[in-house]
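Colleague: Working from the sequences, and respecting the hints, build out all of it.
This is what each chain is made of:
Protein chains: 2
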Amino acid sequence: MRNWFSRWTISQKIVASFILLIVIGSVLLWLPISQAFGSQATYFDHFFHSASLVTVTGLVDTPIAQTYSFFGQIICLILMQIGGLGLMTIVASIVTAFGKRMSLSERLAVQEGLNREDATDFRSFLSTILRYVFVIEGIGFFVLSFRFIPEFGWAKGLFTALFLAISGFTNAGFDTLGSNSLAAYVHDPLVNLVISVLIILGGIGFHVWFDFASVSRNWIKRKGKKKLLYFYRSLSLHSRLAIVVSLILTGLGTLLFLLVEYQNPETIGDFSFGQKLLASFFQTVTMRTAGLTTVDFTKVYPFTLFWFIISMFIGGSPGSTAGGLKTTTFAMIVLLIYNVFRGQKNVNIWNHTISETLVRNAFVIFSVFFSAFLLGTGILSLLNPDVEFIVLMFESVSAITTVGISAHLTTSLGIMSKITLMVLMFAGRIGPITMAESLARKDKETKNITYASGKIIIG
Amino acid sequence: MRNWFSRWTISQKIVASFILLIVIGSVLLWLPISQAFGSQATYFDHFFHSASLVTVTGLVDTPIAQTYSFFGQIICLILMQIGGLGLMTIVASIVTAFGKRMSLSERLAVQEGLNREDATDFRSFLSTILRYVFVIEGIGFFVLSFRFIPEFGWAKGLFTALFLAISGFTNAGFDTLGSNSLAAYVHDPLVNLVISVLIILGGIGFHVWFDFASVSRNWIKRKGKKKLLYFYRSLSLHSRLAIVVSLILTGLGTLLFLLVEYQNPETIGDFSFGQKLLASFFQTVTMRTAGLTTVDFTKVYPFTLFWFIISMFIGGSPGSTAGGLKTTTFAMIVLLIYNVFRGQKNVNIWNHTISETLVRNAFVIFSVFFSAFLLGTGILSLLNPDVEFIVLMFESVSAITTVGISAHLTTSLGIMSKITLMVLMFAGRIGPITMAESLARKDKETKNITYASGKIIIG
Ligand SMILES: [K+]
Ligand SMILES: [K+]
Chain Y
1 MRNWFSRWTI SQKIVASFIL LIVIGSVLLW LPISQAFGSQ ATYFDHFFHS ASLVTVTGLV
61 DTPIAQTYSF FGQIICLILM QIGGLGLMTI VASIVTAFGK RMSLSERLAV QEGLNREDAT
121 DFRSFLSTIL RYVFVIEGIG FFVLSFRFIP EFGWAKGLFT ALFLAISGFT NAGFDTLGSN
181 SLAAYVHDPL VNLVISVLII LGGIGFHVWF DFASVSRNWI KRKGKKKLLY FYRSLSLHSR
241 LAIVVSLILT GLGTLLFLLV EYQNPETIGD FSFGQKLLAS FFQTVTMRTA GLTTVDFTKV
301 YPFTLFWFII SMFIGGSPGS TAGGLKTTTF AMIVLLIYNV FRGQKNVNIW NHTISETLVR
361 NAFVIFSVFF SAFLLGTGIL SLLNPDVEFI VLMFESVSAI TTVGISAHLT TSLGIMSKIT
421 LMVLMFAGRI GPITMAESLA RKDKETKNIT YASGKIIIG
Chain L
1 MRNWFSRWTI SQKIVASFIL LIVIGSVLLW LPISQAFGSQ ATYFDHFFHS ASLVTVTGLV
61 DTPIAQTYSF FGQIICLILM QIGGLGLMTI VASIVTAFGK RMSLSERLAV QEGLNREDAT
121 DFRSFLSTIL RYVFVIEGIG FFVLSFRFIP EFGWAKGLFT ALFLAISGFT NAGFDTLGSN
181 SLAAYVHDPL VNLVISVLII LGGIGFHVWF DFASVSRNWI KRKGKKKLLY FYRSLSLHSR
241 LAIVVSLILT GLGTLLFLLV EYQNPETIGD FSFGQKLLAS FFQTVTMRTA GLTTVDFTKV
301 YPFTLFWFII SMFIGGSPGS TAGGLKTTTF AMIVLLIYNV FRGQKNVNIW NHTISETLVR
361 NAFVIFSVFF SAFLLGTGIL SLLNPDVEFI VLMFESVSAI TTVGISAHLT TSLGIMSKIT
421 LMVLMFAGRI GPITMAESLA RKDKETKNIT YASGKIIIG
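Chains as they are written, first to last, in UniProt numbering: chain Y, 1 to 459; chain L, 1 to 459.
What the hints contain is simulated information worked out from the structure, not anything from laboratory work.
Heads up, the beta-carbon is just placed ideally off N, CA and C, and yes, glycines get one too.
Treat the hints with care, as some may be off.
[As the list claims (entries may be wrong)] Below 20 Å or equal to it, Euclidean Cα-Cα: the simulated EDC-like pairs (lysine to aspartate or glutamate) are:
#, chain 1, residue 1, chain 2, residue 2
1, Y, K299, L, D270
2, L, K345, Y, E356
3, L, K299, Y, D386
[Said to hold, decoys possible] Covered stretches of chain L, as calculated for chain Y (at least 3 residues, CB under 8 Å):
#, segment
4, 299-309
5, 336-349
6, 374-380
[Said to hold, decoys possible] Example chain Y residues on the side facing chain L (calculated, C-beta under 10 Å, incomplete):
#, residue
7, W307
8, I337
9, Q344
10, K345
11, R360
12, V364
13, S367
14, L382
15, D386
16, L392
Modeller: Below is the structure:
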């Protein structure tokens, strides 16, 4: 048995682990003890929720608060946390904790699943990740408590704060507040800003955390003037690229949302300027990866939905719990175009040259991801000819990028559409990991058959 | 003056020539003699029509038949024919006809504008193209006359047949029938099949015509059994790829249209099976490039619009009057994915290896084209928040791929939206030519600065 499992490829192990976790989760959520009073949820609903929680998507059939008891909500929280950290991390950490040494191949498996480059000192690497996660979630939980304990009392207040801290940091985007996400807190700077920071930190990826921490340590020790520019330049190329793309997307998104929705009375039209800015910023941050909302997405202009479809598609950064194409993958595409039009054969950025294989892989990932989106949207539109098309695109991209926001559509969909969404969530969550693994594995066994040059006219 | 013009890059010359032709066309269409009785068209409408005609798009503000006199319609026909053949071909042919020898640089300009690979014997090359065009259009005109002369009498019948033959072969998609395109001929096999053949021949590109003709000549001379497989294998890689992709797209499209719209009473639901098949086939053929319609696109299912958006985007083949990404460019992307997942480093197809530069250029063209589509759709959606989003996507892709089909939207758009459409048509028509030219030119002067390898984590 053990031998049989060990012969699986890493991708197969990852897929199997995720499916197993989703099934276990669905059974736990289906137990009578997990049900809220009066909940009508079927096993399929629980299965859908478990898939959504484990893939940290955030789409729900029926609101968590009205479906699950306190026990059920704890299950939700655990599934979300495990899914968010990545099953492989957990598996590895359990192995580590039990004192069993991982074989090199096991370590490589975990490392590839996490996009980690060097496998040295895996234990300390893992425990560092977990420490970051718990410290950041802990601080978020602590600060959010100041809002929710006065509102809901100790027990529910603490739990709500914990749930939202984890939901934000893992970019899952679930809540236990009801069916309108964070709409009640649209003008609350504390809730908006704390959750925004959690989402941003969670979505930027651990490569950037580690890099930031190490550069900070050197910077503090450094004598003389402490220039910010020097700090920035000390960061790795990857960190700088991820940060710059994230800043541009967030800045541009906030501006576009603010300008387009400025006078829309159904969204932010009636707010003061500061309130408009806060809502625009929060929506933009949460929209790229997390999926919490303070605004009703059935009421925004089509352009806003369109822009958010694009920004969801780009998504967060690698090595994070965020989904989507990823900021750095997107940057490879932009950089290729930029360099080609400059008449530069190499793909150069900030005095570095990107390898052709990396650029090529970026396009492969984009193409596969985009095809899956088209296929998902096509199936949803066949199943729901009466639903407005952009809402279906929104739902489809939201599932595949595991953002999990919905223009209040999920609940009204038929079972076939929900299965489509589940497949998209699953593919969106584990697709990139397994694709990266499979590309890396195939790279080792790459054939290189060269034939006569084929003349094709394109363009 | 001459010296000043000759210092322009080829791209600048192409852009300037097209703009000049559009302006001249708009003035001619605006003349009182060109107006139909009771036409209310403004100069802007004529300008829009001229742009649409020269770029062989086919979007109209007001129907040709109700806007222009017989004289005006002849102007339309000439603009469409010149635009279809490519301004550069015409310029070159005039120069040739006047006995002036073109300089090598001029020939190269025309050749690059036409995606022609070798510049040897340019005159005969050009006259061969023109001969093909006039022979095929002539046959189409002759056959179509049998339908339209009995219906409209000699004068109008002949003109209608000529107009549709040119409109079909140049993939322009205009008609002089009224405001419902070919809806009245939905069950007419002669009109549907003749125009389909014209569109297919026009959209496959002259590389394939020449190749087909040369292989045919050898095949006829060949002794022994004349196997079709041998014929197919004698075609160039480019021809085979263009033909296979076109066949797949047309076959799949016909099947999807038939299945999805099978029971839609507003489109083909009430037809007999043969009629359904004819309408599905015709719509699929015309939809990829030409834009003539027999079915009302305001009545189809969203999935059908979605599929047509994809198939318009892919478009026709290089060296043709069709727009879009192009069949072979699309094939490069599919082949890269296919080879990567087979663990094959090279992009191989049918015992040929495609150069990395070609694959890379295909992605560059795709990215630029797709970005333009997103930008165009975004602007249209900002300007028209109340129009259904998929209809705007349809209009935007229709303009940029110069298909020129509309779900009856163009007429009701405001002036800013129409300007957006004009820019898209123009960019879609000359963008790929100038991009190919500029990529080729830059390839010669390519810099190749290599820095330290940049480590980026993607996916
Ligand atoms: K999410
Ligand atoms: K057209």
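Colleague: Tell me the numbers of any earlier hints that the structure contravenes, in ascending order.
Modeller: Of the numbered hints, just 1 does not hold.
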